[in-house]
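Starting from the given sequences, assemble the full structure and let the hints guide the process.
The opening residue of the sequence shown carries number 1 in my numbering; numbering runs sequentially from there.
Keep in mind the hints are simulated off the structure, nothing from the lab. None of the hints are false.
No more than 20 Å apart at the CA atoms, straight line, and that leaves these computed lysine to aspartate or glutamate pairs for EDC-like:
1) Lys115 to Asp20
2) Lys113 to Glu30
3) Lys98 to Glu49
4) Lys115 to Glu30
5) Lys57 to Glu106
6) Lys57 to Glu89
7) Lys113 to Glu124
8) Lys115 to Glu60
9) Lys57 to Asp100
10) Lys98 to Glu60
11) Lys115 to Glu89
12) Lys57 to Glu94
13) Lys113 to Asp83
14) Lys115 to Glu105
15) Lys98 to Asp47
16) Lys113 to Glu123
17) Lys115 to Asp83
Since the model is a prediction, treat every value here as computed from it, not as a measurement.
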Amino acid sequence: MNALHQYQAVNTQTSVVDVDRHRLIQLLFEGALERINMAKARIQANDFEGKNRLINKSIEIVSGLRSFLNIEEGQGLASNLSDLYVYIEQRLFEANVKNDIGMLEEVAGHLRKVKEGWDGIREEALEQGIV
Numbered sequence: 001m002n003a004l005h006q007y008q009a010v011n012t013q014t015s016v017v018d019v020d021r022h023r024l025i026q027l028l029f030e031g032a033l034e035r036i037n038m039a040k041a042r043i044q045a046n047d048f049e050g051k052n053r054l055i056n057k058s059i060e061i062v063s064g065l066r067s068f069l070n071i072e073e074g075q076g077l078a079s080n081l082s083d084l085y086v087y088i089e090q091r092l093f094e095a096n097v098k099n100d101i102g103m104l105e106e107v108a109g110h111l112r113k114v115k116e117g118w119d120g121i122r123e124e125a126l127e128q129g130i131v
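Here is the structure:
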């Protein structure tokens with residue numbers, strides 16, 4: 001079984017190396033949303049250790065998304081996204097402390113909206129060499 005996990009880790013790392021920056025950010029959104037959904041299930045199952053791990057990973061991913069922002073070049077949009085990501089990180093922390101599924105659903109909704117916008121600009125971003 002250990003060999004299988006090692007293979008999966010190498011396969012995942014190879015996949016990430018082969019993607020463009022736009023796709024990498026899409027993967028981060030997907031990873032955060034997946035972990036938030038898994039955390040909701042862990043709360044319902046009273047697995048608070050698992051919930052804690054998943055929410056902390058979600059916070060790390062959102063922090064990573066925030067680190068991709070270029071505030072100087074992105075002007076107002078990047079600043080607004082940064083503020084939203086900080087808010088999401090705070091709400092995830094609160095949801096973790098309170099075991100609040102509603103808060104997790106709220107932040108997942110915010111992330112889905114931003115992801116939809118990001119997904120929508122893929123072709124334009126690639127054509128202009130932005131990412």
